[in-house]
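Assemble the complex: chain A is given as a structure, and chain B with the ligands must be docked to it using the hints.
Taken in sequence, the protein lines are chains A and B.
Its first residue numbered 1, the first sequence is counted upward by one per residue in the UniProt record's numbering.
Its first residue numbered 1, the second sequence is counted upward by one per residue in the UniProt record's numbering.
Treat the hints with caution; some may be incorrect.
Counterexamples of contact, computed for chain A against chain B with all Cβ distances above 10 Å [as the list claims (entries may be wrong)]:
1. PRO8
2. THR40
3. ARG52
4. ALA53
5. ASP70
6. PRO120
7. ASP139
8. LEU157
9. ARG172
10. GLY210
11. ALA238
12. ASP241
13. PRO242
14. ALA291
15. ASP302
Which stretches of chain B does chain A cover? Using the computed rule of at least three CB atoms under 8 Å from a CB of chain A, they are [as the list claims (entries may be wrong)]:
16. 55-63
17. 126-136
18. 153-162
19. 204-218
20. 255-265
21. 273-280
22. 285-293
In case anyone wonders, no lab produced these hints; they're calculated from the structure.
Quick reminder that beta carbons are idealized off the backbone N, C-alpha and C, glycines included.
Number of protein chains: 2
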Amino acid sequence: MPERLGPPREAPIFRRLALVGLGLIGSSIARAARRQNLATEIVAADSNAEVRARAEEIGLADRVYADVADAARGADCVILCVPVGACGPVAKAMRSVLEPGAIVSDVGSVKGAVMAAVEPHLPEGVQFVPAHPVAGTEDSGPDAGFSTLFAGRWAILTPAYGVEADAVERMRAFWEGMGSAVEIMSAPHHDLVLAITSHVPHLIAYNIVGTAADLEEVTRSEVIKFSAGGFRDFTRIAASDPTMWRDVFLNNKEAVLEMLQRFNEDLSALARAIRWDDGETLHALFTRTRAIRRGIVSEGQDAPAPDFGRPRE
Amino acid sequence: MPERLGPPREAPIFRRLALVGLGLIGSSIARAARRQNLATEIVAADSNAEVRARAEEIGLADRVYADVADAARGADCVILCVPVGACGPVAKAMRSVLEPGAIVSDVGSVKGAVMAAVEPHLPEGVQFVPAHPVAGTEDSGPDAGFSTLFAGRWAILTPAYGVEADAVERMRAFWEGMGSAVEIMSAPHHDLVLAITSHVPHLIAYNIVGTAADLEEVTRSEVIKFSAGGFRDFTRIAASDPTMWRDVFLNNKEAVLEMLQRFNEDLSALARAIRWDDGETLHALFTRTRAIRRGIVSEGQDAPAPDFGRPRE
Ligand SMILES: NC(=O)c1ccc[n+]([C@@H]2O[C@H](COP(=O)([O-])OP(=O)(O)OC[C@H]3O[C@@H](n4cnc5c(N)ncnc54)[C@H](OP(=O)(O)O)[C@@H]3O)[C@@H](O)[C@H]2O)c1
Ligand SMILES: NC(=O)c1ccc[n+]([C@@H]2O[C@H](COP(=O)([O-])OP(=O)(O)OC[C@H]3O[C@@H](n4cnc5c(N)ncnc54)[C@H](OP(=O)(O)O)[C@@H]3O)[C@@H](O)[C@H]2O)c1
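So here's chain A without its partners, still in its complex pose (with noise of 0.2 Å):
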């Protein structure tokens, strides 16, 4: 998949698009949009008064606006990009003033529970097609937003049944157009599939930060001089968003901990190998992980450059 951004597209796809939430990914999307000429006017809100500044500051809108319903009010697109578990609260603060055809998406990385949170607020004939961007990074706010941070990344979309086609097809253009690949999948399934992918693994990443933190044998001035081992990857995972994380887990809990369950079980066969001396096991396993590494270094889901925790000399 390329990782840059082809030329722009002739003519937009909305006419008025409203940007809720302009952090990491909603000031992505305002570059992204721009530059590609995706929409004519991009509006914005943000509840954060420090946000607002910067994103005048920097040019991310045309307006940016505190209130919701202001930026809401006749877009004919506007996509959610705040935590998960405020989707649903926005949503319900701008039903008045959308009109139908009108289309709502979001960025969640939870589908099941913003689904459920958004559409009983949404008037009828206002077609939401909700959508998750597998692209990101630890930082977050404005400043950390890029316009080509979708370029090469796969957006998965998950309309409910009944939504209009064209809507579907136009979220399709929206985010091909910022250089993604789409996939189309249910909810639910989306929710299992982010589960091995993205939440337990950032679950446990917090986890083993924690654990080494509180250990009491070991100093914490040494668990950062000898981090270059290994521990330094987690940490890097570990710093992401607290109130983002926090609402993925609460809201695709089941998910999380079925995957969860399977790790553990999986780990107890891992120990129990180590206990025994049972080397093959352990060799086959780790050579076994080998070929999924290569798979997504070869589908250009990650550089094959090795890491040394700096840029190579």
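Frame of chain A, contents of chain B with the ligands only:
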């Protein structure tokens, strides 16, 4: 800690340095020692004919042998750069040629078991100064090495009681010459520290990649496609050398199982917080883990720039 190498030494530390094993670590030492003028002559042994041929081709050492004793003969310093489980047999193979006063060292990721396996084979008067450079990548082999691998990283020495201070100081100077900072600690403490900062992180990375590969509800192709949500970072770690890591776990069993136990207890508590909708506990942990990350970045053990899985535009 500076990440670059300083000027080369005016006078070498060793007359003849013998490296056994020319993989990632051995070949990096060869390159750094040559560049920094740490030894007048560098000889090497490797059991792998392809590795020897490649080493000759790129001129890693002055002479490359198949037989360990041939390399160790006449050396005033021999460093074992082979998997942890091979250190005992290699020590045995060179016992007859080691001269009193010579220093024997290693680079194994485990120290207690290596000391127990090597010491019985060393003739009277040979000084054993075990070492572990806390630096590495997921790649292996002679082409993966480079001369600045150890610069700005820690090297841990774990000499036993009674080793001559002069031998320890020469090994310290050797690692400092390659840009490392040196810390001396006991082997059991080393093994505990590395269990949490390196061995358990590798174990859980291997484990989750294995779990993901075995799922029936989520295809392998989905795992690969949607890996950018966090999973891909674990696959990088889980691409490390199977033989090296099998040996690490079998030789640091006790500390690894102990730390894994703590990890599991903490993970159960986290799972409970998710099950009980206890967002506060989650948010508190996710906030606490950021402090450790900041420590690692400010101590220069990782680059602060976020990771997108590719070079930033
Ligand atoms: N980060 C990733 O890697 C990633 C990847 C894919 C999808 N996502 C999803 O994208 C969404 C946003 O994540 P992000 O990383 O962009 O977060 P972020 O950088 O923290 O930005 C979120 C922004 O929304 C604002 N906000 C919060 N509640 C609001 C409300 N009720 N009304 C208006 N604005 C509100 C926040 O203000 P405050 O600063 O006051 O909180 C902040 O400026 C989340 O649902 C997340 O699951 C994230
Ligand atoms: N990789 C890291 O990140 C890292 C970091 C710190 C410390 N360490 C430690 O460094 C040591 C070496 O690791 P590495 O990554 O450099 O491994 P590597 O790249 O696999 O290199 C090891 C080399 O030693 C050879 N070898 C194996 N057994 C031998 C024997 N009995 N006699 C002579 N040569 C033998 C291997 O040949 P074959 O190719 O035939 O196996 C290979 O060429 C290990 O003890 C490891 O714990 C590694």
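Status of each hint after checking the structure:
Chain B leaves PRO8 (chain A) outside its interface by the beta-carbon criterion, the shortest separation being 16 Å against a cut-off of 10 Å. Chain B leaves THR40 (chain A) outside its interface by the beta-carbon criterion, the shortest separation being 26 Å against a cut-off of 10 Å. Annotated as non-interface, ARG52 (chain A) keeps its C-beta farther than 10 Å from every C-beta of chain B; the closest such distance is 23 Å. Every Cβ of chain B is farther than 10 Å from the Cβ of ALA53 (chain A); the closest lies at roughly 23 Å, confirming the non-interface assignment.
Against the 10 Å criterion, ASP70 (chain A) stays outside the reach of chain B, whose nearest CB is about 29 Å from its own CB. Every CB of chain B is more than 10 Å from the CB of PRO120 (chain A) (nearest about 20 Å), matching its label as outside the interface. Not every Cβ of chain B is farther than 10 Å from the Cβ of ASP139 (chain A); the closest lies at roughly 5 Å, contradicting the non-interface assignment. Every C-beta of chain B lies more than 10 Å from that of LEU157 (chain A), the closest at about 13 Å, which supports listing it as non-interface.
Against the 10 Å criterion, ARG172 (chain A) stays outside the reach of chain B, whose nearest CB is about 16 Å from its own CB. The claim that GLY210 (chain A) is not at the interface with chain B is violated, since a C-beta of that chain comes within 10 Å of its own (minimum 5 Å). With a minimum CB-CB distance of about 4 Å to chain B, ALA238 (chain A) fails to clear the 10 Å threshold, and the non-interface call is violated. With a least CB separation of 8 Å from chain B, ASP241 (chain A) falls inside the 10 Å interface cut-off, contrary to its annotation.
Annotated as non-interface, PRO242 (chain A) brings its C-beta within 10 Å of a C-beta of chain B; the closest such distance is 4 Å. The Cβ of ALA291 (chain A) sits about 8 Å from the closest Cβ of chain B, inside the 10 Å cut-off, so the non-interface label is violated. Here ASP302 (chain A) does not stay apart from chain B, with its beta-carbon only about 4 Å from theirs, under the 10 Å limit. Residues of the region 55-63 of chain B lying with their CB closer than 8 Å to a CB of chain A number 0, which falls below the three-residue condition for coverage.
Counting residues of the region 126-136 of chain B whose C-beta sits closer than 8 Å to any C-beta of chain A gives 3, which meets the bar of three, so the coverage hint holds. Coverage of a stretch by a chain is defined here by at least three residues with a beta carbon nearer than 8 Å to that chain's beta carbons; for the region 153-162 of chain B and chain A the count is 3, and the condition holds. Here's how the region 204-218 of chain B fares: 14 of its residues keep a CB closer than 8 Å to some CB of chain A, so the rule of at least three is met and the hint holds. For the region 255-265 of chain B, the assignment as covered by chain A holds, since 7 residues bring a beta-carbon within under 8 Å of that chain's beta-carbons and 3 suffice.
Interface restraint, the region 273-280 of chain B with chain A: holds (4 residues with C-beta to C-beta distance below 8 Å; minimum three). By the rule of at least three residues with a Cβ nearer than 8 Å to a Cβ of chain A, the coverage given for the region 285-293 of chain B holds, with 9 such residues.
When held up to the earlier numbered hints, the structure conflicts with 7, 10, 11, 12, 13, 14, 15, 16 and fits the remainder.
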